[in-house]
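Each chain is listed here by its residues.
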Amino acid sequence: MTNENIVELKNITVTFDGEKILDRINLAIKDKEFVTLLGPSGCGKTTTLRVIAGFVSPTEGDILFDGKAVNHLPPHKRQVNTIFQRYALFPHLNVFENIAFGLRVKKVPEAEIKKQVTDMLKLVNLSGYEKRNIAKLSGGQQQRVAIARAIINRPKVLLLDEPLAALDLKLRKDMQVELKNIQKSLGITFIFVTHDQEEALSMSDTVVVMNEGVIQQIGTPQDIYNEPKNAFVADFIGESNILDGVMKEDFLTSFSGREFTCLDSGFARNERVDIVVRPEDVDIVPEKDAMLLGEVTSVTFLGVHYEIIVDIGGFKWMIQTTDEQKVGDKVGLYIEPDAIHVMKKSKYSGMYGDYSTFSDEIEHLSDLEEDEN
Amino acid sequence: MNKKRTDFAQKLISAPYIVWSAIFIIVPLLMVAYYAFTDKSGAFTLDNISGLSRYAKTFGMSLLYAAEATVISLIIAYPLAYFMSNMKAGAQRMMSMLIMLPMWMNFLIRTYSWITILAKTGIINTLLSKIGIGPVQLINTPGAVVLGMVYNYLPYMVLPIYTVMVKIDKSLLEAADDLGSSPISRLRRVIFPMTVPGIISGITMVFVPSVSTFYISQKLGGGKTMLIGDVIEMQFQSSYNYNLGAAISLVLMVLILISLAVMNRFDDSEEGGILI
Ligand SMILES: Nc1ncnc2c1ncn2[C@@H]1O[C@H](COP(=O)(O)OP(=O)(O)OP(=O)(O)O)[C@@H](O)[C@H]1O
Ligand SMILES: [Mg+2]
Numbered sequence: 001m002t003n004e005n006i007v008e009l010k011n012i013t014v015t016f017d018g019e020k021i022l023d024r025i026n027l028a029i030k031d032k033e034f035v036t037l038l039g040p041s042g043c044g045k046t047t048t049l050r051v052i053a054g055f056v057s058p059t060e061g062d063i064l065f066d067g068k069a070v071n072h073l074p075p076h077k078r079q080v081n082t083i084f085q086r087y088a089l090f091p092h093l094n095v096f097e098n099i100a101f102g103l104r105v106k107k108v109p110e111a112e113i114k115k116q117v118t119d120m121l122k123l124v125n126l127s128g129y130e131k132r133n134i135a136k137l138s139g140g141q142q143q144r145v146a147i148a149r150a151i152i153n154r155p156k157v158l159l160l161d162e163p164l165a166a167l168d169l170k171l172r173k174d175m176q177v178e179l180k181n182i183q184k185s186l187g188i189t190f191i192f193v194t195h196d197q198e199e200a201l202s203m204s205d206t207v208v209v210m211n212e213g214v215i216q217q218i219g220t221p222q223d224i225y226n227e228p229k230n231a232f233v234a235d236f237i238g239e240s241n242i243l244d245g246v247m248k249e250d251f252l253t254s255f256s257g258r259e260f261t262c263l264d265s266g267f268a269r270n271e272r273v274d275i276v277v278r279p280e281d282v283d284i285v286p287e288k289d290a291m292l293l294g295e296v297t298s299v300t301f302l303g304v305h306y307e308i309i310v311d312i313g314g315f316k317w318m319i320q321t322t323d324e325q326k327v328g329d330k331v332g333l334y335i336e337p338d339a340i341h342v343m344k345k346s347k348y349s350g351m352y353g354d355y356s357t358f359s360d361e362i363e364h365l366s367d368l369e370e371d372e373n
Numbered sequence: 001m002n003k004k005r006t007d008f009a010q011k012l013i014s015a016p017y018i019v020w021s022a023i024f025i026i027v028p029l030l031m032v033a034y035y036a037f038t039d040k041s042g043a044f045t046l047d048n049i050s051g052l053s054r055y056a057k058t059f060g061m062s063l064l065y066a067a068e069a070t071v072i073s074l075i076i077a078y079p080l081a082y083f084m085s086n087m088k089a090g091a092q093r094m095m096s097m098l099i100m101l102p103m104w105m106n107f108l109i110r111t112y113s114w115i116t117i118l119a120k121t122g123i124i125n126t127l128l129s130k131i132g133i134g135p136v137q138l139i140n141t142p143g144a145v146v147l148g149m150v151y152n153y154l155p156y157m158v159l160p161i162y163t164v165m166v167k168i169d170k171s172l173l174e175a176a177d178d179l180g181s182s183p184i185s186r187l188r189r190v191i192f193p194m195t196v197p198g199i200i201s202g203i204t205m206v207f208v209p210s211v212s213t214f215y216i217s218q219k220l221g222g223g224k225t226m227l228i229g230d231v232i233e234m235q236f237q238s239s240y241n242y243n244l245g246a247a248i249s250l251v252l253m254v255l256i257l258i259s260l261a262v263m264n265r266f267d268d269s270e271e272g273g274i275l276i
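Protein chains in written order, with the working numbering: chain U, 1 to 373; chain B, 1 to 276.
With the rest of the complex left out, here is chain B (with noise of 0.2 Å):
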């Protein structure tokens, strides 16, 4: 009985949430679902998707430059998050902040001033000349494209790692090296392994919207290397082909899934839910 009401009280008190999550997270999925099986005219039809094969190499090299972008971010991010947990309490909130900064900037500006830095006559390019390396390629390269990946989602791998470490409990430090273990061994066996779930949610983190973006490939590649974000912002913004951009939304969205289980098997710790 009371039983009964307590569980009526939670339904209650989570009905904004269920109505919130089914306007806007269902009911846009069923939406591009339904654009993406059928035509401009609304009749069911499995064209657009099995028109996308001309769209393979666009989805490869955009899982490649969204991969080769986490694993930079993450090669940076583990030991920055590594260091900040091991400062004094003041100086780890300091660095948060700092981490964070950037992320109070617009998304566009912050990629913007990329492009001033890169440029031919770039801040860059400017000291390499005065000290006699001529104008070198920067902006307009898939580096440039991966390096702003890098530079915005960076934020989103350093934090949940640090997260994680610095709630590490320091006894079971300690623990490792009364057993034994030199500050290496005891990276590898105590602080990585507990430290796999916030790498999962780093990863994800960074890994998603690169694989996705548009306008980072436009301003810093660009347009020479064409992501399968672009592709799909395109048929939105100038081909009018919304099926089109369903269907290719769609399958993004199913290797995104893909490769969000492949990695997730990696993590058999039960914390591994985090991601879901």
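For reference, chain U alone in the conformation it holds in the complex (with noise of 0.2 Å):
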């Protein structure tokens, strides 16, 4: 029961100068899952990572690996190995070295290196780069032969902090796909970070959304994307109209003035919500069909799309269409019970998910290009 879980955090809380990093982490990792931890700048992403490798004691709190608490182990003694945000490849060895670094220290034999190295190369594509310099690959290369020089070991468990951050996009998902076949034809747990959450949501098998050093949700991609436990989730995933609702009894809500049917039950008669509604959820319908009224204020071209910004009674939604609409167009909304995602208020409630501000965010952007040429 316990060796279910390859790498276990309890109650892990981290703090520095007397401010919490981390707070009451707890997270349970399987052999052979890919875990993404996923979240802002400064969330403690990293400083989670630090935890597991062995680079961060825990003010409160127990590690475990395969169900063994392995607080005070020293990280050269853990088995798992970190690719760097930064790389942190060795300047004074060559490829051939950086990648057999792991190999050397365990004393392998010579000729024993020399083919698992050599069978690193070919898996990461960069055979015949083995006496290059380190600092005169490309950021693509360097990113591989960090990879290469953490697999070569076999860990159980990787950790990836950020490890695509520096490429550029094309790129990028190359690597993308690239890990998630490491990933799956070596068997090994991959705890990846990200503030990417495209990135997250197509590579991994468990998302964990942290903020301000608290988990905020755990789930599947598709439970993080349709099921958002909060606002910030909901917000955070992808764009969102947050609205401040009631939960008149099961499946009935009411929100902008008017009652909807939804899919969503075991809230108490009349609590106040907070409702979730994603731009590509919203129709637009002529009139005598609509559930809601309102009047275009803003409109973007992002190729398969527009994205426009619709006034409702004081409140900006955005929506997503084909259709082509004008500023200052009244318009018709139409919304599917499923397409409403209902959540209990946190924190968090009223603070995202209103896109009045949208229109001057696009206008400063463009005022500050502008002063750039």
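No lab work stands behind these hints, which were simulated from the structure alone. We treat Cβ as the ideally placed atom computed from N, Cα and C, and that holds for glycine. Fair warning: there could be bad hints in the mix.
Subject to a maximum C-alpha distance of 30 Å in a straight line, what follows is the list of computed BS3-like cross-link-like pairs (lysine-lysine) [said to hold, decoys possible]:
no. : chain 1 : residue 1 : chain 2 : residue 2
1   : B       : Lys170    : U       : Lys131
2   : B       : Lys170    : U       : Lys156
3   : B       : Lys170    : U       : Lys136
4   : B       : Lys170    : U       : Lys77
5   : U       : Lys77     : U       : Lys20
6   : U       : Lys131    : B       : Lys167
7   : U       : Lys248    : U       : Lys316
8   : U       : Lys32     : U       : Lys173
9   : U       : Lys156    : U       : Lys131
10  : U       : Lys77     : U       : Lys106
11  : U       : Lys20     : B       : Lys170
12  : B       : Lys170    : U       : Lys68
13  : B       : Lys167    : U       : Lys77
14  : U       : Lys77     : B       : Lys88
15  : U       : Lys10     : U       : Lys347
16  : B       : Lys88     : B       : Lys167
17  : B       : Lys167    : U       : Lys107
18  : U       : Lys122    : U       : Lys106
19  : B       : Lys170    : U       : Lys114
20  : U       : Lys136    : U       : Lys107
21  : U       : Lys115    : U       : Lys156
22  : U       : Lys344    : U       : Lys316
23  : U       : Lys180    : U       : Lys77
24  : B       : Lys167    : U       : Lys106
25  : B       : Lys170    : U       : Lys106
26  : U       : Lys136    : B       : Lys167
27  : U       : Lys77     : U       : Lys107
28  : U       : Lys20     : B       : Lys88
29  : U       : Lys10     : U       : Lys184
30  : B       : Lys130    : B       : Lys120
31  : U       : Lys20     : U       : Lys347
32  : B       : Lys170    : U       : Lys10
33  : U       : Lys107    : B       : Lys170
34  : U       : Lys326    : U       : Lys316
Away from chain U, derived, C-beta distances all over 10 Å, residues of chain B [said to hold, decoys possible]:
no. : residue
35  : Leu12
36  : Ala43
37  : Leu52
38  : Ile76
39  : Pro79
40  : Ile99
Build the complex: two chains, separate frames, hints provided.
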């Protein structure tokens, strides 16, 4: 039972200079799972990885590997390897020696090292680069050396701290696929850190959303997107209209001045709630069929669709549509019951999900661009 | 066009340095060479150089003592730099200050003070006789000369090593830990190789002045240990044989260059250029 989880964090709290950086983190990671820690800058993702790797000792709580506490095990004795946020390749060693480092430390015979490093170079597509100087590699190549240097040790758990952040979009997409393949073929547990939500959703088995040192939600990418626990998660993952609402009874809620049928239940009668409606789930319909009426205040063309802002009784909605609309148009909106997601009130209620500042932001940005030119 | 102008501007800016190095480096070197290959009347001769075999033993001893002093300095300096680089920022500044402090004092006075420490009636011997160990010959021994060199030049070993060591990115040390290195193996595989440029500068900065010193050997060696520096000094100060003095200096310079070149071969990293 206990051995099912390869890594477990129990009530981990980390305090630096009297400030709580991690606050009672509880996380159980299964063998061969791809877990992603996702959250804004400074929320404690790197610190969580450092606790697991052994570079930070928690102020409180336990770290368990295979059910055994390892709080006092120094980093070099832990069965995990890390790909650091900025790779941390050894500048005095060439590509071959960087990758061979872990095996040399373990005093593996020379012939075996040669064979394994050669295999590894093939795996990360760097055959023929053995003698290259690390400083003369491109970002993507350095990143692959970092991957090879870590996985040659066959760790049970690999910690990856924003390994793709420094790469351009195209290379990044390729590396996402490559990493995922490596993870599957070698059967390694990945604990992956990113603040890119798309990356998190597309790669992971489990996503852990963090903010201010607290885990906000743990779930599959689908759970996190479709059933966000609170306004922070809803806003951080994708675009969301988050409205103040009331749960009239099971399967019936009210917001924006009218009642809607929904699929949510289990709330108290007349409980105040947060309502999430994703911009792509709102349909634009003729006024006679509409549930809500509003006026278009801004239109942005994004290629696949238009992103329009619609003012409904003072609240600005974001809606994605393929039909062209013009600023000032009156539009009717229709929302299916399954497009409505109801959340309990949280400390983040009212902080996110209103696009009333949206058009100003855009103008502000274009002002900045003009200034630069 | 534009590029040409910057080139010209650059030349203009560097002109004073070129003039400076011409006057204070090239010209003296040429003068040394001139004196070395001429006799008193100014006629060309190789006698000065060919007569130097007399001093082979002195050359050898100077190189040996300087090498001893350099090795001892390195053995003291490396751990010191290592511990310093692991201290808190404030303590590091304090330590660098303490290490540089003696350098603010005159070199002659520093060496002189060792005489009072090592003399027959000096501090050490007074203490030793209190616990019943008779006066020990400390001053005027080769050991005292090497001690003087180590004492005077140690900061020049510590500081370059320390400077390179604190610049090592902490994440590299963590990477080494992460890949399973014990602290010893980390020192051997990461810290040491990365501090080689500092070690080389340190060795240069201790070895070169040690090999050519004369004051230390006179004061702490009591004239018994005659080093090549003393011989050179004698040619200029008492024998007034500038030609021989210049010849010895020239050969010493060549020997130093050879030593440094040999040592530089151990540093295959790109920063090896620090030396020159
Ligand atoms: N050694 C330290 N001493 C004091 N504060 C620290 C230390 N390390 C991290 N912090 C603080 O802890 C907080 C979380 O840092 P952490 O590096 O874990 O964030 P992160 O989620 O990885 O952010 P990013 O996405 O920017 O990498 C930050 O506010 C940071 O300033
Ligand atoms: Mg980070």
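Here is what the structure says about each hint:
1. Lys170/B - Lys131/U: holds (25 Å)
2. Lys170/B - Lys156/U: holds (25 Å)
3. Lys170/B - Lys136/U: At roughly 21 Å apart (the allowed maximum being 30 Å), Lys136/U and Lys170/B satisfy the hint.
4. Lys170/B - Lys77/U: Roughly 19 Å separates the two Cα atoms, so the pair holds.
5. Lys77/U - Lys20/U: Given that 30 Å is the threshold and the Cα spacing comes to 27 Å, the pair holds.
6. Lys131/U - Lys167/B: Holds, at roughly 25 Å.
7. Lys248/U - Lys316/U: With a Cα-Cα distance of about 24 Å, the restraint between Lys248/U and Lys316/U holds, given a limit of 30 Å.
8. Lys32/U - Lys173/U: holds (22 Å)
9. Lys156/U - Lys131/U: Distance of about 29 Å is within 30 Å: holds.
10. Lys77/U - Lys106/U: holds (12 Å)
11. Lys20/U - Lys170/B: Given that 30 Å is the threshold and the Cα spacing comes to 24 Å, the pair holds.
12. Lys170/B - Lys68/U: Holds, because 29 Å separates the two Cα atoms, which is no more than 30 Å.
13. Lys167/B - Lys77/U: holds (26 Å)
14. Lys77/U - Lys88/B: Judged against 30 Å, a Cα distance of about 26 Å means the pair holds.
15. Lys10/U - Lys347/U: Given that 30 Å is the threshold and the Cα spacing comes to 24 Å, the pair holds.
16. Lys88/B - Lys167/B: holds (14 Å)
17. Lys167/B - Lys107/U: OK: Lys167/B and Lys107/U at ~29 Å, within 30 Å.
18. Lys122/U - Lys106/U: holds (22 Å)
19. Lys170/B - Lys114/U: Roughly 28 Å between the alpha carbons, so the hint for Lys170/B and Lys114/U holds.
20. Lys136/U - Lys107/U: holds (28 Å)
21. Lys115/U - Lys156/U: Measuring from Cα to Cα gives roughly 21 Å; hence the hint holds.
22. Lys344/U - Lys316/U: holds (22 Å)
23. Lys180/U - Lys77/U: With a Cα-Cα distance of about 26 Å, the restraint between Lys180/U and Lys77/U holds, given a limit of 30 Å.
24. Lys167/B - Lys106/U: holds (27 Å)
25. Lys170/B - Lys106/U: holds (22 Å)
26. Lys136/U - Lys167/B: holds (20 Å)
27. Lys77/U - Lys107/U: This hinted pair holds, its Cα atoms lying about 15 Å apart.
28. Lys20/U - Lys88/B: Cα-Cα ~23 Å, so holds.
29. Lys10/U - Lys184/U: holds (27 Å)
30. Lys130/B - Lys120/B: holds (13 Å)
31. Lys20/U - Lys347/U: holds (18 Å)
32. Lys170/B - Lys10/U: holds (28 Å)
33. Lys107/U - Lys170/B: holds (24 Å)
34. Lys326/U - Lys316/U: Measuring from Cα to Cα gives roughly 16 Å; hence the hint holds.
35. Leu12: holds (33 Å)
36. Ala43: Ala43/B is indeed farther than 10 Å from all Cβ atoms of chain U, at 54 Å.
37. Leu52: Non-interface label stands for Leu52/B: nearest chain U Cβ at 41 Å, farther than 10 Å.
38. Ile76: The assertion about Ile76/B holds, with a minimum of 24 Å to chain U.
39. Pro79: holds (21 Å)
40. Ile99: Given that every Cβ of chain U is farther than 10 Å from that of Ile99/B, nearest at about 26 Å, it holds.
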